[in-house]
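Asker: Take a look at the letters that make up each chain.
Protein chains: 2
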Amino acid sequence: MSKQAMQYLSDNRAQMLEKLNSFLKIPSVSTDSVHKKDINKAADYLESYLSEIGFEKVEQQDTGGHPLVYAEYNKAGSDVPTVLFYGHYDVQPADPLEEWKSEPFTPEIRDGRLYARGASDDKGQVFMHLAVFEAYMKTEGKLPLNVKVCIEGEEEIGSENLYKTLREKKEQFNADFAVISDSGMVAENQPTILYGLKGFTGSEINVTGPDHDLHSGMYGGAVRNPVMALSHILASMKNEDEVVTVEGFYDGVEPLSDDERELIRNVQGEDFESSTGVSETVSEKGYTAKEHTMARPTFEINGIYGGYQGEGTKTIIPSTATAKITCRLVPGQDPERIQELLEAHIHKVAPAGVSVDVKKEKLSAKAYKVEPENALIKKAAKSYTEAFGKETIYVRMGGSIPVVEWIEEIYNIPIVLLGFGTPDDRLHSPNESFPLDSFDKGMDTLVRYWSEINSKDKH
Amino acid sequence: MSKQAMQYLSDNRAQMLEKLNSFLKIPSVSTDSVHKKDINKAADYLESYLSEIGFEKVEQQDTGGHPLVYAEYNKAGSDVPTVLFYGHYDVQPADPLEEWKSEPFTPEIRDGRLYARGASDDKGQVFMHLAVFEAYMKTEGKLPLNVKVCIEGEEEIGSENLYKTLREKKEQFNADFAVISDSGMVAENQPTILYGLKGFTGSEINVTGPDHDLHSGMYGGAVRNPVMALSHILASMKNEDEVVTVEGFYDGVEPLSDDERELIRNVQGEDFESSTGVSETVSEKGYTAKEHTMARPTFEINGIYGGYQGEGTKTIIPSTATAKITCRLVPGQDPERIQELLEAHIHKVAPAGVSVDVKKEKLSAKAYKVEPENALIKKAAKSYTEAFGKETIYVRMGGSIPVVEWIEEIYNIPIVLLGFGTPDDRLHSPNESFPLDSFDKGMDTLVRYWSEINSKDKH
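From first to last, the protein sequence lines are chains P and L.
First residue of the first sequence? That's 1 in full-length UniProt numbering, and the numbers climb one at a time after it.
First residue of the second sequence? That's 1 in full-length UniProt numbering, and the numbers climb one at a time after it.
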């Protein structure tokens, strides 16, 4: 471990936080085209920071969508492995804005947490890596391993162009292993390495009835109400036991072994009631909430709209109704096939008198599982345990990181999912935050891990 | 019939249309508080027009909500009956604005129709009455009957304050009969008198799950999705046969007699497919679309919303979901009881893990049916037939006019529903319009009707 690098991070903590704040202040929302300039600003920020640190071949790659920031460091020597570090600089929309206690793009520290959109997902965690690289360069004049940096701007909208880039520039991005910090610990201060992620797929369902909103008194009784038709369709897809009732949905899903159930039972997970405010958890019949979130497929409606939403009443039969749905998938489920099953189901149950259009999500991902005994993962766990002073645990999680599937598919290298977020970070929600403690100990972990990687390969 | 009054309307047609346009230009949307000034402007317009015509006691009554415009004319003599003329100057919101071919509050004539929000419902029809009163005063120096004018500004939001006013100022508003032109003909140029209207009641259903939007990967499988819960609730309320499945909903509904079915069958109704653009009509099992719209109760979802509605995807479990519903009722159904049944049903089927709140519509109305053989109705039909050159028919309709129920309840006087709208008017929708032909013949009808009323009572 580099004591100088550690000292540097400690001595420059205030400046580092300041530098992170200027990154978080950029509203780089990828899903909304009004933020195109901010996306470019965030990419520019990364380009200049990487150049400052001393990376080479720093560039913004034109992906056809938002730019991908690439950089290399090759001076660690040919006997030292090369890591592909992946992260993303785009963030989720901040709405509903009125629920934020401080401005989403004006970072604020309260009770040991840094509040801002992207503080945890993923700008904060990307920044920790860059700060650690800076610390090594400034104190030792070099990095302990070779690095390829790949920070994209389209993670929150499906990483479509990243997939093309990783396939087309295989030579440029190839490495000995990959490290991604875009996930979290099961509890604050509980080192956690993910060995499994869910895949996902999604659709938008558009139901159209009359060609304009109708007076409900004049036409009620003559036409099918699109919102009611949509409600019938949605209600037919998951029952009150939280079982997905789309034919074939569970085909090929590997049963949860007793061993894995035991592993999940032993994970000190978050208290869902207190972190979400629900009166009681609900989960798929036959499975606990922890089992369902970590290892069973899910089906969620992400949004719905149709007809009048304003103040007061408007006695209409709406012309259209729309729902956005996504499924999280486990090993054994193919996203393409699931999309086909969803679409077939929707058309099968759609009632007469309305037309139903199913728009597939352009991108989707298969689930991912890795062997926890892999040496690179063991080293990450060791560093993590030392930095946090607590034994690292291995878990599967419900989130989806498409790039993980693609790196495995295209490069077939080990992927280390080393995340420092916590269950209270409120990712994708108002009041997203990241604990400063994770910031410090996470950087500590990374300083140790890179030294470990270096030392091992010298022996 | 007054030939001079008819001639006056014909000679001054352009000026009359101009005067109507200034009324239609005022965006007097009652449901939205940003339009409060416009509401007052519309009331001012009526106040000065009524004074100009020569009405007495012209005033804007403070109802606690939007003002009610009142005026009297008592000089027709005590041997002539007094009519209570009711109308409303408020309009529905114009959204979605992008679907209007011309600006909603910039009236435009195209193909013999006047396009504007309120052209038919109800400013256009209110104006016809005032124009006819003006014509009588300008040509004969008096009106053929005594008149009490009651034009309110809260019809589109439930007329809550009107109900109080009608009860509290019983002496002031009492009359021998009432005339309302806030309805339409079953087909263009087909004189139609309504002898039955539906009642209505409504609720807003609010479903709350987690206290903030959650990441669907982290929490999918642990909490109930409020949009899915709402879909299950809504789907349980009306089945695919368009039968309302709320227990007790149809209790007390009088069966449709063979005579009435025959009457409905013989009404040349509109072609629902072509006027609404649906591929096929759907209606309650066992009833035709005409029977269902005219004489059977209905249940409609007027709007729904929850979660992400923007561009792209946002993989969240929404915190809340809301639906607005209204039912149209027939004789035998009590609005209060129906509200209770809806609420009980919703709470009964609401799944665990979410909290459900049902907000009742403050106001509701019973259905209304009158005897078509009433002498005042027969006279209206005679005038209507003469003006349009076609036999008047009597129909029941699906719309609800709460004031009709209240006038019956409080004053117990005959109510003549004399409407000149047409099925193509697109009430409550973008591109609302009113045929100029209805405008001319409708005023012709009114000139004839007031003379009829006068002559009969002299005999």
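Some hints here could point you the wrong way.
Which copy is meant is left open, so a pair is good if it fits within one copy or across any two.
Quick list of in silico lysine-lysine cross-link-like pairs, DSBU-like style, CA-CA up to 35 Å [as the list claims (entries may be wrong)]: (1) Lys101 <-> Lys37; (2) Lys379 <-> Lys138; (3) Lys348 <-> Lys285; (4) Lys285 <-> Lys75; (5) Lys360 <-> Lys57.
For the record, the hints were derived by calculation from the structure and aren't laboratory data.
Asker: Each hint needs a verdict: does it hold in this structure or not?
Answerer: A quick look at each hint next to the structure:
1. Lys101 <-> Lys37: both (26 Å within a copy, 34 Å between copies)
2. Lys379 <-> Lys138: within (25 Å within a copy, 99 Å between copies)
3. Lys348 <-> Lys285: This pair counts as both: shortest intra-copy Cα distance 25 Å, inter-copy 21 Å.
4. Lys285 <-> Lys75: For Lys285 and Lys75, the Cα distance exceeds 35 Å both inside one copy (55 Å) and across copies (78 Å).
5. Lys360 <-> Lys57: neither (37 Å within a copy, 65 Å between copies)
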